[in-house]
Amino acid sequence: DQQVKQNSPSLSVQEGRISILNCDYTNSMFDYFLWYKKYPAEGPTFLISISSIKDKNEDGRFTVFLNKSAKHLSLHIVPSQPGDSAVYFCAALYQKVTFGTGTKLQVIP
Amino acid sequence: DTGVSQDPRHKITKRGQNVTFRCDPISEHNRLYWYRQTLGQGPEFLTYFQNEAQLEKSRLLSDRFSAERPKGSFSTLEIQRTEQGDSAMYLCASSLDPQQETQYFGPGTRLLVL
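Just so you know, the sequences run in chain order W and P.
Position 45 of the first sequence, counting from 1, maps to 45 under our numbering, and the rest follow consecutively.
Quick note: to get our numbering, add 1000 to the position in the second sequence (first position is 1).
It cannot be assumed that every hint is accurate.
One-sided and incomplete, this derived list gives chain W residues near chain P with beta-carbon spacing under 7 Å [said to hold, decoys possible]:
id: 1; residue: Tyr32
id: 2; residue: Pro44
id: 3; residue: Ser49
id: 4; residue: Pro79
id: 5; residue: Phe99
id: 6; residue: Gly100
Since the hints were derived computationally from the structure, they do not count as laboratory data.
Computed from a prediction, not measured in an experiment: that's the story for all the values here.
The beta carbon of each residue, even a glycine, is placed where N, CA and C say it ideally should be.
With the rest of the complex left out, here is chain W (with noise of 0.2 Å):
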């Protein structure tokens, strides 16, 4: 049973203008959402993170949105840099960490 869903495993974004990355989940027992970087050959790096009662949480160029009534929840990344190429994971709390199976990002140059 995946509680964490990202359902496309990549997206290509032109340099410059904005990602969106999509996650779903199912649990709604969930209490904090997280979004994690990983570079090749690197652990997870974390970016950022939203409690189940926000909507939003902005970080410089990121930003997370939560929609509860949805079980969904986005990362917004403006502008997109080559150096955001990774694959992105999101991620969920309760009790324990439970991470989706990733979207890998490339940026354009």
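Since chain W is already given, all that's left is putting chain P on it; use the hints.
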């Protein structure tokens, strides 16, 4: 460098051999987690420690797997009688309770069982 470190970074072993991995968390972090990641998947939770106490184990952690954190600092993950299906990236992460949602990951140990 005060991040999470893991050793070794790569391990190749023959089926049936035992392997042990080490994780050194960020020094002030009292929570330590082990995950396994296979190709095309996100990290899957295996187990976690709060200080030296192992508080939860996933059903993925068969009886061939054992983890310890004897002094509440570094941790080891041992796999006995390795099988080809154990081939994966083994990731360690740490966090500072109660901010457990912000976990910091090490670079991982890539295991290949031949």
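Hint by hint, here is what the structure shows:
Hint status for Tyr32(W) relative to chain P: holds, with the closest Cβ pair at about 4 Å, below 7 Å. Checking Pro44(W) against chain P by beta carbon gives a least distance of about 5 Å; that is within 7 Å, so the hint holds. With a cut of 7 Å, the hint placing Ser49(W) at the interface with chain P holds, because the nearest CB-to-CB distance is about 5 Å. Restraint check, Pro79(W) versus chain P: the minimum CB separation of about 26 Å is more than 7 Å; hint violated.
Hint on Phe99(W) holds. Least Cβ distance to chain P is approximately 3 Å, under the 7 Å limit. The restraint placing Gly100(W) at the interface with chain P holds, with a minimum CB-CB distance near 5 Å, inside the 7 Å limit.
Hint violations for this structure: number 4 only, all remaining hints satisfied.
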